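J.: What follows is each chain in one-letter form.
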Amino acid sequence: MFYREAGDFKTSYRDDSQTFPIRLDRMGYYILMFVAFFVVPFFINDYWVNAVFAPFLIYAIAALGLNILTGYAGQVSLGTGGFMAVGAYACYKLMTGFPEVSIIIHILLAGGITALVGVAFGLPSLRIKGFYLAVATLAAQFFLVWVFNKVPWFYNYSASGQINAPERSVFGVMVTGPNTEAWAKYMICLVFVVVLAWVARNLTRGMMGRKWMGIRDMDIAAEIIGVNPLMAKMSAFAVSSFFVGIAGALFFSVYLGAAEAGEAFGINKSFLILFMIIIGGLGSIFGSFAGAAFMVLMPVFLKNVLVGGMGWPTDLAAHFEFMIVGGLIVVFLIVEPHGLAQLWRLAKEKLRLWPFPH
Amino acid sequence: MPEQLLFAMEVTLNGLMAGVLYALVALGFVLIFKASGIFNYAQGVMALFAALTLVGIQQGQVPFSHLINAVFGTEIHHFPWHVPSIIAIILAAGVMVLFAYLVEKYILQHLIGQPDIILFMATIGLAYFMEGFGDIMWGSEIKTLDVGLPQGMNLAIDETTFNMFGYGFFIDNLDIVAAIVAALLVTSLVIFSQYTKQGRALRAVADDHSAALSVGISLRFIWVLVWSIAGFVALVAGIMWGAKSGVQFSLSLIALKALPVLMLGGFTSIPGAIVGGLIIGVGEQLFEFAIGPMIGGATQNWFAYVLALVFLIFRPQGLFGEKIIERV
Numbered sequence: 000m001f002y003r004e005a006g007d008f009k010t011s012y013r014d015d016s017q018t019f020p021i022r023l024d025r026m027g028y029y030i031l032m033f034v035a036f037f038v039v040p041f042f043i044n045d046y047w048v049n050a051v052f053a054p055f056l057i058y059a060i061a062a063l064g065l066n067i068l069t070g071y072a073g074q075v076s077l078g079t080g081g082f083m084a085v086g087a088y089a090c091y092k093l094m095t096g097f098p099e100v101s102i103i104i105h106i107l108l109a110g111g112i113t114a115l116v117g118v119a120f121g122l123p124s125l126r127i128k129g130f131y132l133a134v135a136t137l138a139a140q141f142f143l144v145w146v147f148n149k150v151p152w153f154y155n156y157s158a159s160g161q162i163n164a165p166e167r168s169v170f171g172v173m174v175t176g177p178n179t180e181a182w183a184k185y186m187i188c189l190v191f192v193v194v195l196a197w198v199a200r201n202l203t204r205g206m207m208g209r210k211w212m213g214i215r216d217m218d219i220a221a222e223i224i225g226v227n228p229l230m231a232k233m234s235a236f237a238v239s240s241f242f243v244g245i246a247g248a249l250f251f252s253v254y255l256g257a258a259e260a261g262e263a264f265g266i267n268k269s270f271l272i273l274f275m276i277i278i279g280g281l282g283s284i285f286g287s288f289a290g291a292a293f294m295v296l297m298p299v300f301l302k303n304v305l306v307g308g309m310g311w312p313t314d315l316a317a318h319f320e321f322m323i324v325g326g327l328i329v330v331f332l333i334v335e336p337h338g339l340a341q342l343w344r345l346a347k348e349k350l351r352l353w354p355f356p357h
Numbered sequence: 000m001p002e003q004l005l006f007a008m009e010v011t012l013n014g015l016m017a018g019v020l021y022a023l024v025a026l027g028f029v030l031i032f033k034a035s036g037i038f039n040y041a042q043g044v045m046a047l048f049a050a051l052t053l054v055g056i057q058q059g060q061v062p063f064s065h066l067i068n069a070v071f072g073t074e075i076h077h078f079p080w081h082v083p084s085i086i087a088i089i090l091a092a093g094v095m096v097l098f099a100y101l102v103e104k105y106i107l108q109h110l111i112g113q114p115d116i117i118l119f120m121a122t123i124g125l126a127y128f129m130e131g132f133g134d135i136m137w138g139s140e141i142k143t144l145d146v147g148l149p150q151g152m153n154l155a156i157d158e159t160t161f162n163m164f165g166y167g168f169f170i171d172n173l174d175i176v177a178a179i180v181a182a183l184l185v186t187s188l189v190i191f192s193q194y195t196k197q198g199r200a201l202r203a204v205a206d207d208h209s210a211a212l213s214v215g216i217s218l219r220f221i222w223v224l225v226w227s228i229a230g231f232v233a234l235v236a237g238i239m240w241g242a243k244s245g246v247q248f249s250l251s252l253i254a255l256k257a258l259p260v261l262m263l264g265g266f267t268s269i270p271g272a273i274v275g276g277l278i279i280g281v282g283e284q285l286f287e288f289a290i291g292p293m294i295g296g297a298t299q300n301w302f303a304y305v306l307a308l309v310f311l312i313f314r315p316q317g318l319f320g321e322k323i324i325e326r327v
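Each protein sequence line maps, in turn, to chains A and B. Under numbering that gives the first Met the number 0, the first residue of the first sequence carries the number 0, and numbering increases by one thereafter. Under numbering that gives the first Met the number 0, the first residue of the second sequence carries the number 0, and numbering increases by one thereafter.
Since the hints were derived computationally from the structure, they do not count as laboratory data. The structure displayed is predicted, hence computed values, not measured ones. Where a beta carbon is used, it is the ideal one built from N, C-alpha and C, also for glycine. There could be a bad hint or two in this list.
Derived lysine to aspartate or glutamate pairs resembling EDC-like cross-links, with alpha carbons at most 16 Å apart [what the hints assert, rightly or not]:
#1 A:K149 to B:E287
#2 A:K128 to B:E325
#3 A:K128 to B:E321
#4 A:K128 to B:D115
#5 B:K33 to B:E321
A short list of chain B residues far from chain A (calculated; beta carbon distances all over 10 Å) [what the hints assert, rightly or not]:
#6 E9
#7 V10
#8 N13
#9 K33
#10 H81
#11 I117
#12 F132
#13 D174
#14 L188
#15 L212
#16 I216
#17 S244
#18 L261
#19 F266
Not close to chain A: a few residues of chain B, all C-beta gaps over 12 Å, as computed [unchecked claim]:
#20 L4
#21 L97
#22 A155
#23 M163
#24 Y194
#25 H208
#26 L306
Pulled out of the complex, with its shape left as it was, chain A reads as follows (with noise of 0.2 Å):
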């Protein structure tokens, strides 16, 4: 009754073949569109930016990339905080270097560099599959966190060994530095969010995605019927690697503002985003955020409910965020192995009928 797909007839291939065929989707995608673009931004603060949307919106980005990989290509990688810091080392070599330039090219390019990086971690995936393969990844998270501690060049011989975005702007509004409004650190994120998400849409639903799935349900198979492995693979690495940089290229320059790579790329980043993929769905754009949502905003729940509203020392409510995620994850692989997606697809199920069942 509330959600049809029916009755929605398409008379050209160009209607067929748009990004939301169905016409409630799309009406739901301007509905949220114009929230996130006109509504948003009046309301944000400081605390609503830093605390909720700028890691929402970044750590999104990285989901999607990710969920690339591993969701629709098959190839689980541990790698994703050290592919982040490249990007974030990326952005700021490119940002002192180039400072002419504009931050939104710096940040494109942040994401090509990493590309390029991805593909070279990700040459291995062809001789090494399953187990073995998430654990080569492991090798480009504690290599490049390792290479970024200790070369000099990369954090520009500064004492501290960090780097810190030095204050960029974009159309005369700054975007970068410690000075930055919270709308416009939102709005930068939610620009590439919705372009990244839209072009990671597209990607998945054309011959690309279909490659990829090919090789993740079976590789074998997929070679057989004329997918070329090397090519599905480099470019699932690719892509993934592009998105996954440029999160970590907003992360430092927009969000963090200053980074080390030890300590905000870290191992604990991989499983972060993962359990984003694993919890919000994989091989689903949707799970990419819902994931991301929810493992953004289920620390700043508790947070509030455990220390602000029951009193509890910070240490004991992070011992158990800890647990609450670790159990979350297990039962969601328990009782929804395909996560928030498939929920939501449910969801639409039951809203096509409700509240007339016969």
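Knowing the structure of chain A, use the given hints to seat chain B on it.
T.: For chain B alone, coordinates are given in the frame of chain A:
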């Protein structure tokens, strides 16, 4: 003999000893992987949890005291007794058996037939859960673990080598004990799996789940058994690492170190875990000794992974792993 060579020999020996400790952790992985096809990421956290439990029981800590104090506003910390080491070890082993049972009952049973990768992620969730749980139960401060193992430099080796080469090697007594314990553990595991009824059943399950079921072997019992054994191996590893560097969060990170060991040795081979551990132990020490100073040091962080990665490109199933055959 030139001094550099002597140093290199000492580094190699120490690397071998460190490798034994890696092998101990890797052993737990291999056991579970062989019997249930589960890649148990939680093995390192199990070692941490076992060591925490051991220390907690030994010192008569009140479990969950931090939580109880926060909720009820009380001030309790310790029971007024200390438990002797040997009883504490038995009790801690008991806790690990209970843990194995609970894992089987509440997690594994519900995940039968899921793809391997889902099971792997479930163990990552389990690892997070146990990390938080262990900290809430026993507190997160760094604890010293002392079960009466000898520590410090081994004087006999120091003296002998000094007489032989004019330079005394520094070998920690604890490492020697660890090597002996590891050898005993592996021997008893081999004897167990070769000569007992349960051991035979275990091998049957490792070979083929459905065939084992059809001849009347209880899969559930075997899984509890193998997780208990892995828990016990984790306890031993936890004792060794805990005595070496204190019981603390970083203990759970040795699991990450055990992964390249597994890749080198192959996921299904017990000798592979041992040999892999030794290669990684010696390799990273020697690399740090020879190349480390030239490129900034702390190469132990990544050397093992890169070594395993390069190695895998040439031999994807590891040194002793079963050949991977793929069919459509």
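J.: Does the structure break any of the earlier hints, and which numbers would those be?
T.: 11, 12, 18, 19 and 26
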